[in-house]
Amino acid sequence: MAGLTGRMSTVVKAKVSKLLDRAEDPAETLDYSYQKQVEQLQNVKKGIADVVTAKKRLQLQETSLQQQVVKLDTQARQAVSAGKEDLARVALERKNIAQTELQGLDTQVAELEDQQQKLTDSEQKLRAKIEAFRTKKEVIKAQYSAAEAQVKISEAATGVGEQMADVGLAMQRAVDKTENMKARADAVQELEAAGTFDDVTALGPGEDDIDRQLKSLSSKSAVDDDLAKLKGELGGGESGAGAGQLPAGAEAPVEGEPAAAEPSKEQPA
Amino acid sequence: MIVRISGEDQYRLDDSLHDQLDKLAGAAHVAVDAGDAAGFERSLGDLLDFVRANGSRVGDEEIETSDVILPPSDTTLAEAGSEFTGEGLIPD
Numbered sequence: 045m046a047g048l049t050g051r052m053s054t055v056v057k058a059k060v061s062k063l064l065d066r067a068e069d070p071a072e073t074l075d076y077s078y079q080k081q082v083e084q085l086q087n088v089k090k091g092i093a094d095v096v097t098a099k100k101r102l103q104l105q106e107t108s109l110q111q112q113v114v115k116l117d118t119q120a121r122q123a124v125s126a127g128k129e130d131l132a133r134v135a136l137e138r139k140n141i142a143q144t145e146l147q148g149l150d151t152q153v154a155e156l157e158d159q160q161q162k163l164t165d166s167e168q169k170l171r172a173k174i175e176a177f178r179t180k181k182e183v184i185k186a187q188y189s190a191a192e193a194q195v196k197i198s199e200a201a202t203g204v205g206e207q208m209a210d211v212g213l214a215m216q217r218a219v220d221k222t223e224n225m226k227a228r229a230d231a232v233q234e235l236e237a238a239g240t241f242d243d244v245t246a247l248g249p250g251e252d253d254i255d256r257q258l259k260s261l262s263s264k265s266a267v268d269d270d271l272a273k274l275k276g277e278l279g280g281g282e283s284g285a286g287a288g289q290l291p292a293g294a295e296a297p298v299e300g301e302p303a304a305a306e307p308s309k310e311q312p313a
Numbered sequence: 067m068i069v070r071i072s073g074e075d076q077y078r079l080d081d082s083l084h085d086q087l088d089k090l091a092g093a094a095h096v097a098v099d100a101g102d103a104a105g106f107e108r109s110l111g112d113l114l115d116f117v118r119a120n121g122s123r124v125g126d127e128e129i130e131t132s133d134v135i136l137p138p139s140d141t142t143l144a145e146a147g148s149e150f151t152g153e154g155l156i157p158d
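Order-wise, the sequence lines are chains A and B. Going letter by letter, the first sequence gives residues 45 to 313 in our numbering. Going letter by letter, the second sequence gives residues 67 to 158 in our numbering.
The set of hints was computed from the structure by calculation and includes no laboratory data. Model, not experiment: these values are computed from the prediction. Some hints could be false.
[Said to hold, decoys possible] Cβ-Cβ distance ranges computed for the label pairs, FRET-style: (1) B:Arg118 <-> A:Asn224: 52 to 58 Å; (2) A:Glu175 <-> B:Gln86: 32 to 38 Å; (3) A:Tyr78 <-> B:Asn120: 50 to 56 Å; (4) B:Ala103 <-> A:Gln147: 20 to 26 Å.
For every residue, glycine included, the Cβ atom is placed at its ideal position computed from N, Cα and C.
Using the sequences and the hints, build the whole thing.
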């Protein structure tokens, strides 16, 4: 069969023969094959554990981000109530970023879930084949002459070898995917480390680097919408986007931490 | 003949289906050469569905060597285009 399927078959068969070529006589093939099979099974188990670890890490980040979203939302409401639109804007921008990251994490957790399931299925199939091989080799040894046994064992070893090569493929793809996820997890961690989701009430006067970064990253219009909605909900009757109406420097308490709630000295952009 | 869908199962198919299988595989191959991702996804799906629909699954405890090995259902165009030819997809 030409083309795609031919290439795939050729690659797998090459792997299988490489796997089996290392042993010379049938008894050795048998032991070597079985030993290799059991090793491969251990590798699959380790592969599954790696996927589960990566998934758990992402899930922990999800939980943390969910908490940030709730916190930032609360802070935005408090800021609007206190008439501090600039503070509310920063909180909503951060909430936006956290939500975007959350969506990405959701997708990736689902993908890892899928990989875990696939590897678990592969492990079960390989286990069944190895068990069959173990039984079969005893039958072959008992029933056939040395020359015939060599052929039969080689056939069986090739069959199991193909399964092993296939599991190897599934493992490699799972590892690749897990690596990608790790990169994503690292990125979220960097955002967290940079204080992207920090308490906005702890923000000092003026704009810092993170604020500028936030503004370039987040969708302004979404924040404007959120802000308008919040104002509506909280019945802040003052007309909409009039930034000039903000009582600059007014000391209104935000949450239970008045000391930290130092309002921006600058007018919001 | 025995057909393996990589990452899934082996199937036993009647030899008379060989030509149809070849034709479906050919369509997937054309999509790869054309760099047509949507076409590849569709034609690979058709090919694998054909095997699942017309074959009977080989039991997990049966030890059979495949005559044909097909790529996994979630193979990307990039994987199909390059890695099947090299060492990339299946580790030693």
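Results of checking the hints against the structure:
1. B:Arg118 <-> A:Asn224: 52 to 58 Å: About 29 Å separates the Cβ atoms of Arg118 (chain B) and Asn224 (chain A), which means 52 to 58 Å is violated.
2. A:Glu175 <-> B:Gln86: 32 to 38 Å: holds, 35 Å
3. A:Tyr78 <-> B:Asn120: 50 to 56 Å: violated, 34 Å
4. B:Ala103 <-> A:Gln147: 20 to 26 Å: Given about 23 Å between the Cβ atoms, the range holds.
Checked against the numbered hints above, the structure violates hints 1 and 3; every other hint is satisfied.
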